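A.B. asks: Listed below, chain by chain, are the residues.
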Amino acid sequence: MAIYNKHSLFIKVAMCLPLLFFGLASQSFASAVGLPQSTIKYGIATQVGYYSVKDPEGTTNQAFLVQPFNFIVTDWLPNGTKYWVEAYYSSLAFDAATDSVGQEVQHVGSKLGLLYNFSANRFWHPWAGVGVDLSYSQYSKRHLVNEYGFLAKRLQDRNNANVALLVNVAAEWLASSRWQSGLKAEYRMPIGQNLQSMTMSVYFLFR
Amino acid sequence: MNKPKTISSKHSFSSYHYQNDYYLSGPHKRAWAHLNFAIKQGNGILVLSGQSGCGKSTLVQSFALKLRENNQRHVFFSSAANFNELPDRVDQRLVVIDDAEFLSTKQLEILNACIESANEDLQYLQFLLVGSEKLEQIIADIKHSNFRNKVVFSYQLGLMNPAETMKYAQLQLSTKGWQVNSEVAKELLRDLYDCSSGNAELINKYLDQLQAANELYNVQHIALNRNSLPESLNQDDLKSNIATNSMSDTLIDDPNRINSVPWFRSKKIKVVGLGYLASVLIAIFVFHSTTFFAQKTTDNKELVVNNQLLETSTVLPVSSNTSKLMVGKDIIDIANVDRQVSEQSIVAATVSVQQPLPKPTGITRIKNKPVVHNNTTKSVSNIVKNTHNVKKEVLEVSEQKQDLATKTVTNLDRLFNAPEENSFTVNKTEEFDPNALTHTQEVELQLVTTNSRLPTELEKIFRQEFSPELDKIKLNRLVADFEVAYEFGDLKKIDNLFLETIKSNKIEGKKALKDEYKKLFNITQSRNIRIYDLFWRKEGNAVLGKGAFKVAIFERGSAQKSTFTGNIDLKVIESNQSFMFSELFYNYGNL
Chain A
1 MAIYNKHSLF IKVAMCLPLL FFGLASQSFA SAVGLPQSTI KYGIATQVGY
51 YSVKDPEGTT NQAFLVQPFN FIVTDWLPNG TKYWVEAYYS SLAFDAATDS
101 VGQEVQHVGS KLGLLYNFSA NRFWHPWAGV GVDLSYSQYS KRHLVNEYGF
151 LAKRLQDRNN ANVALLVNVA AEWLASSRWQ SGLKAEYRMP IGQNLQSMTM
201 SVYFLFR
Chain B
1 MNKPKTISSK HSFSSYHYQN DYYLSGPHKR AWAHLNFAIK QGNGILVLSG
51 QSGCGKSTLV QSFALKLREN NQRHVFFSSA ANFNELPDRV DQRLVVIDDA
101 EFLSTKQLEI LNACIESANE DLQYLQFLLV GSEKLEQIIA DIKHSNFRNK
151 VVFSYQLGLM NPAETMKYAQ LQLSTKGWQV NSEVAKELLR DLYDCSSGNA
201 ELINKYLDQL QAANELYNVQ HIALNRNSLP ESLNQDDLKS NIATNSMSDT
251 LIDDPNRINS VPWFRSKKIK VVGLGYLASV LIAIFVFHST TFFAQKTTDN
301 KELVVNNQLL ETSTVLPVSS NTSKLMVGKD IIDIANVDRQ VSEQSIVAAT
351 VSVQQPLPKP TGITRIKNKP VVHNNTTKSV SNIVKNTHNV KKEVLEVSEQ
401 KQDLATKTVT NLDRLFNAPE ENSFTVNKTE EFDPNALTHT QEVELQLVTT
451 NSRLPTELEK IFRQEFSPEL DKIKLNRLVA DFEVAYEFGD LKKIDNLFLE
501 TIKSNKIEGK KALKDEYKKL FNITQSRNIR IYDLFWRKEG NAVLGKGAFK
551 VAIFERGSAQ KSTFTGNIDL KVIESNQSFM FSELFYNYGN L
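Residue numbers (our numbering), protein chains in the order written: chain A, 1 to 207; chain B, 1 to 591.
Hints listed in this document are in silico derivations from the structure and should not be mistaken for laboratory results.
Here the structure is a predicted model, which means the values were calculated and not measured.
There's no promise every hint is true.
Chain A is nowhere near these chain B residues, computed Cβ spacing over 12 angstroms in every case [stated by the list, open to error]: (1) H34; (2) F37; (3) G44; (4) L65; (5) Q107; (6) I110; (7) E133; (8) I138; (9) K205; (10) D208; (11) K472; (12) N476; (13) E500; (14) G540.
Going by beta-carbon spacing under 7 angstroms, a handful of chain A positions derived as facing chain B [what the hints assert, rightly or not]: (15) G34; (16) P78; (17) S177.
What follows is a list of derived Cβ distance ranges for each label pair [said to hold, decoys possible]: (18) D490/B x N61/A: 41 to 51 angstroms; (19) V48/A x V272/B: 39 to 49 angstroms; (20) Q560/B x V48/A: 18 to 28 angstroms; (21) Q560/B x Y50/A: 29 to 39 angstroms; (22) F118/A x K474/B: 35 to 45 angstroms; (23) D95/A x E69/B: 26 to 36 angstroms; (24) A185/A x Q560/B: 17 to 27 angstroms; (25) Y187/A x S578/B: 49 to 59 angstroms; (26) S91/A x T565/B: 21 to 31 angstroms; (27) N146/B x A185/A: 51 to 61 angstroms; (28) T565/B x A185/A: 57 to 67 angstroms; (29) S119/A x K474/B: 30 to 40 angstroms.
We put the beta carbon where it would ideally sit given N, CA and C, even for glycine.
For reference, chain A alone in the conformation it holds in the complex (with noise of 0.2 angstroms):
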């Protein structure tokens, strides 16, 4: 867990930052009447998906992943949106061929992301978003191998800040007036050389 020892600060500021900003922003609401005492809302969400590394020397091999703790914050915006922060933390590995390099990925980082909700009748209102993923990983182990699956060719380890655009769809339910469940489908297109996936997601939102 290199990442942790070299940049736990970054870390921990980079997953607490918005849940503290955000937790504090939305403090003034439920002077209206049946306003909840606060709209934003908390929440954990169990992500799996299919993974790849846009590498400089090849794309990689793709690898499924259990994400079981993301952590989100959501509030409203205006005109039936609601913003998205989700911090997250993956350990990804991934096998090596003669033309995928192998290597394990530790990747931290944040997703924002706006949702528009649709009516699309009574009983299914569903959102659908775009945002933006900021994230630092640290490709480590990067290999080839032969046709014989011996290593064939050790590459440089790398570090990257990263830039993703995110597409989604989502639909929640309503648990109870404080709980609410939802199921989010996303893609992940990354700009440069780092991870790309397609997820999906189960949440559980707290407010």
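Given the coordinates of chain A, assemble chain B onto it according to the supplied hints.
C.D. replies: For chain B alone, coordinates are given in the frame of chain A:
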């Protein structure tokens, strides 16, 4: 559905608007059943008429709630004053128009056109016109026969009968925690029918007055002290009328009544309840006994008349309608006694006379007597001082100072039978110094010495006189406007309902609060608020309203609704001849 239910009023007997659970009397049950039938008839106009105060609006609001809960109809409330167009083009609409007798011809034409349009679009649209007895006549007189053909239902809501009146009052009292467990109290409730004719609003009014006068703490006491009842209740012949009434005692043990209260359904609860009642009665008995004996020892229970020391146990009131006491074998007029007895003896006499004298007399004949400094007197002084404050406030805002002051005196005279020469007249506000009103101090003294219940009576009369009649129609309309604006997310209308300086839970100022409502309307795709159990009272030039609310919101992005309930405090001020909210505080009861 037709089962009688208890009233969930939290603050006042007079419960405007809407009640989730509410008592259905016979007429109400029938109206409910007819409405149920009529609502299934598809398009058309439903007419519900009845005497003012018979419970039409409450019935309709409860009925509408049921429809909403069962998703049978989208119910919209309006009134003749603001009905100009249909609120929304959704199917399955029921538009309730209150005070429909005030609908103009143009409005009726709109209504007619709406129905025809809905028929063409194959949409369900019904109008429920609610109004006074005139409404039926107005509809019958409409020249446009096409309109009359659209009336698919018409029902005139009657008043409650004596049995229902008593049941209703009992339920009202029990929901407030009052126990009606004595025969005299039950008799009092029976009297309610004679003075209210089964009109729910009047019953509520009387119960409110009793509550406002703090009389309800002991219902038995009310029955004993008839003079503390509202004027219309104070009729001696009512008793005989009621005694001949067939409903009488059957009501007390009416099994339906017991079944209607869920707490009494299980035997165990019944036993616990009876045990509790018994213990309360014992506690009351013990309390009265100890008070009696304690006072007997401290005050020596002596009455001095003409320098003779008399045992107070021999003092009895000759009758409840005179100011004469029987002391031993002699009958003494209290007015005469007052000139001679000492301060202590008056107190003793008060203690000894267990049945309060109904009308104190000779108030002004005890001039220059010192004020008795006991607890009762202090409380009386406070009341009188408070009353002066009220008077001051009224005078400061009114130009008719002289009239008000005279009115005050008239009331004092009416209460105490004070001779005119001893009345005081106040011409200027500055003269309202409690210390300067020697006459009032005398009044205090006599109040204590003759009837310990009179301070409440005094307070009640002052409350009535110095709280100008609230324009409840306007107030309720204001609340209804707020509900409608809330439901339709109408920020412009919200803007018109709030004063610039409005205060709310955490913020002040109309702009800030409007922003909050803007947020609310933004995050919800639909919403509904009902403010109910409102109890209005006048305070200075403002009107304060206390009540409860229930909010249902559909947050954007989810098809499920969130419901919040809580208490709401309103402050309303008249501005530019219309009422506006100057304060709106609320707290959630449950989340």
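A.B. asks: Decide, hint by hint, whether the structure agrees.
C.D. replies: Evaluated hints:
1. H34: Answer for H34/B: holds, closest chain A Cβ roughly 30 angstroms.
2. F37: Nearest chain A Cβ is 27 angstroms from F37/B, so the label holds.
3. G44: At roughly 26 angstroms from the nearest Cβ of chain A, G44/B sits farther out than 12 angstroms, so the non-interface label holds.
4. L65: Check passes; 17 angstroms lies beyond 12 angstroms.
5. Q107: Its Cβ never comes within 12 angstroms of chain A, the nearest being 30 angstroms, so this holds.
6. I110: 28 angstroms, holds
7. E133: 36 angstroms, holds
8. I138: Holds, since 36 angstroms exceeds 12 angstroms.
9. K205: 28 angstroms, holds
10. D208: Non-interface label stands for D208/B: nearest chain A Cβ at 25 angstroms, farther than 12 angstroms.
11. K472: 21 angstroms, holds
12. N476: 17 angstroms, holds
13. E500: 15 angstroms, holds
14. G540: 24 angstroms, holds
15. G34: 4 angstroms, holds
16. P78: 6 angstroms, holds
17. S177: 4 angstroms, holds
18. D490/B x N61/A: 41 to 51 angstroms: Violated, at about 58 angstroms.
19. V48/A x V272/B: 39 to 49 angstroms: The hint (39 to 49 angstroms, Cβ to Cβ) is violated, given that V48/A and V272/B are roughly 56 angstroms apart.
20. Q560/B x V48/A: 18 to 28 angstroms: Given range 18 to 28 angstroms: holds, Cβ gap about 26 angstroms.
21. Q560/B x Y50/A: 29 to 39 angstroms: This hint holds: roughly 32 angstroms between Cβ atoms.
22. F118/A x K474/B: 35 to 45 angstroms: 42 angstroms, holds
23. D95/A x E69/B: 26 to 36 angstroms: 58 angstroms, violated
24. A185/A x Q560/B: 17 to 27 angstroms: 22 angstroms, holds
25. Y187/A x S578/B: 49 to 59 angstroms: 56 angstroms, holds
26. S91/A x T565/B: 21 to 31 angstroms: 47 angstroms, violated
27. N146/B x A185/A: 51 to 61 angstroms: For N146/B and A185/A the Cβ distance comes to about 56 angstroms; the hint holds.
28. T565/B x A185/A: 57 to 67 angstroms: Hint violated: Cβ distance 37 angstroms, outside 57 to 67 angstroms.
29. S119/A x K474/B: 30 to 40 angstroms: 37 angstroms, holds
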